[in-house]
Amino acid sequence: ISNNVRDYLRTHKLDVKKPVATKPVKLKSSLRASSPFDVAEERMRQERKWSKLKRVHKKDFIAGTKAPEPQYQRGINDGSEYIDPRKLGMSTKELYAKQKEKFVSNKPFLMAVKSGRLFDE
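Here the sequence shown stands for residues 284 to 404, where the numbers follow the numbering used here.
Treat the hints loosely; a few may be bogus.
[Stated by the list, open to error] Derived pair list, reagent style DMTMM-like, types lysine to aspartate or glutamate, alpha-carbon separation capped at 20 Å:
| id | residue 1 | residue 2 |
| --- | --- | --- |
| 1 | 337 | 321 |
| 2 | 390 | 377 |
| 3 | 337 | 325 |
| 4 | 306 | 290 |
| 5 | 381 | 367 |
| 6 | 332 | 321 |
| 7 | 370 | 352 |
| 8 | 335 | 324 |
It should be emphasised that the hints constitute simulated quantities derived from the structure, not laboratory data.
Between the sequences and the hints, there should be enough to build the whole structure, so can you do that?
This is how it looks when you write it as structure tokens:
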């Protein structure tokens, strides 16, 4: 049945939806009064805002360009000397044993005692 109905509507051109004519609404107020209240002021506010955003940096703001990649900077340890991780794990006793020359002299040890006295007194 539905196929027959569709064929009938097509042959008599009844399947085309026709727009419904509406009467335009007549406003008794003026065109200026019918527009939103502060369009001009809002436009000026928006232009000021965009001009401020353009002047945030030394260079003018240009949209649509690729941002430059920042230069590589070393981390927190920049400028500090390299310390071997094995050395960090050593105890102070081991470190002193390695650097014994700095702390112990190679010169013979001489005891200084006033003349005529024994060292045990």
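Status of the hints after comparison with the structure:
| no. | hint | result |
| --- | --- | --- |
| 1 | 337 to 321 | violated, 25 Å |
| 2 | 390 to 377 | violated, 23 Å |
| 3 | 337 to 325 | holds, 19 Å |
| 4 | 306 to 290 | violated, 34 Å |
| 5 | 381 to 367 | holds, 15 Å |
| 6 | 332 to 321 | holds, 16 Å |
| 7 | 370 to 352 | violated, 37 Å |
| 8 | 335 to 324 | holds, 17 Å |
Of the numbered hints stated above, those contradicted by the structure are hints 1, 2, 4 and 7, listed in ascending order.
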